[in-house]
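FYI, the numbering for the sequence shown is 1 to 358, going by UniProt numbering.
If you're looking for bench data, these hints aren't it; they were derived computationally from the structure.
We put the beta carbon where it would ideally sit given N, CA and C, even for glycine.
FRET-style restraints, in silico, Cβ to Cβ:
#: 1; residue 1: R304; residue 2: S62; range: 57 to 63 Å
#: 2; residue 1: E299; residue 2: A72; range: 50 to 56 Å
#: 3; residue 1: F127; residue 2: K243; range: 31 to 37 Å
#: 4; residue 1: F244; residue 2: P160; range: 40 to 46 Å
#: 5; residue 1: V149; residue 2: S316; range: 30 to 36 Å
#: 6; residue 1: D125; residue 2: L71; range: 39 to 45 Å
#: 7; residue 1: T55; residue 2: S296; range: 52 to 58 Å
#: 8; residue 1: W193; residue 2: G128; range: 31 to 37 Å
#: 9; residue 1: N69; residue 2: Q179; range: 49 to 55 Å
#: 10; residue 1: R102; residue 2: Q163; range: 18 to 24 Å
#: 11; residue 1: K67; residue 2: K113; range: 49 to 55 Å
#: 12; residue 1: R304; residue 2: N57; range: 57 to 63 Å
27 Å max Cα-Cα, derived DSS-like pairs, lysine-lysine:
#: 13; residue 1: K115; residue 2: K213
#: 14; residue 1: K197; residue 2: K145
#: 15; residue 1: K196; residue 2: K243
#: 16; residue 1: K206; residue 2: K113
#: 17; residue 1: K323; residue 2: K196
#: 18; residue 1: K113; residue 2: K213
#: 19; residue 1: K99; residue 2: K113
#: 20; residue 1: K110; residue 2: K99
#: 21; residue 1: K243; residue 2: K213
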Amino acid sequence: MPKYLYGDWAALYCPTYIRYVRHISVKYILFSLRKTGITCNFYVFISRQLTDMLTSNTIKISQLKQKANQLASQCQEPCRDTVQILETTGRDCQDIANKGARHSGLYFIKPVKAKQQFLVYCEIDTFGNGWTVFQRRLDGSVDFKKNWVQYKEGFGHLSPDDQSEYWLGNEKIHLITTQSTIPYALRIELEDWENKKSTADYAVFKVGPEADKYRLTYAYFVAGGEAGDAFDGFDFGDDPSDKFFTSHNGMQFSTYDNDNDKYDGNCAEQDGAGWWMNRCHASNLNGKYYQGGTYSAREVGPSRYDNGIIWATWRSRWYSMKKTTMKIIPFTRLSIGDGQQLNLGGSKKVGSDGRGDI
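Produce the entire structure from the sequences given, and follow the hints as far as they go.
As structure tokens, this is what we get:
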């Protein structure tokens, strides 16, 4: 150790020493100083440090008392669950609306073959239409790269205002869409990053059982704005068979750990989401959430495949949607414009392979 005059050493090292031991007990401070023989304006430094500690602790104690008083006042009444689940129940959200429910929110439903009821978000409009919402994307807060069981059971979070991301679950979607002789319609709602919105409606929408890998089938594309019919495939210009190999009708559901697509590889693994893949897709509403919409192969990573939230007939495969909703309703309740009801009329028949014939 370099040699210093005692006063020089004290001036240089005493403040540092005091700062070092300020978090230790006062008795230990005194013991340490006596042991080393340090005086170095002892009373000045100790007084200053202890005063600072006392002031700091007094402030903290005051803050804790204030917080305790706030909590005490809040708990004068029994605590209540902040999530409101509405009382009416039914087979689906339309059944709930038919029973008089007029407010959108969380309800329990029990489809005919369901073993127990489960929670859904019902969107009930002014015309008495009750939509059962089974998919919601809005901010990228939920990672949709999930395995087979997670897509089967559902994941994410249901909220009373429907401002959360989730997948209801393939088994639940199957139970709802196959419970009645009255077919269901699927409505897909899209919003891009310029806040433009569009929809696509599909008649006689159905999701098969797990034994058939939750196969998607529908009879025909009903209507849509600029969104177009991405479920029918899209010609990307890469190959003459693009449209055929990117159509979705009749496709089984695939996840990274349960590959049921028509591709030699694994579309769900490459594109990072569970979906009704062909070889591979013209739509993938469970894809990766990209802020701002436009993304590139470089951003995707080593695979370099388009893996965003895609609806190719409206925006390119390198454009990821800002918001999406997938919801179903009995087809007889499907309305357009000011609530005018659509009639089922003549529809395509869907064969066992999921393909529609005229």
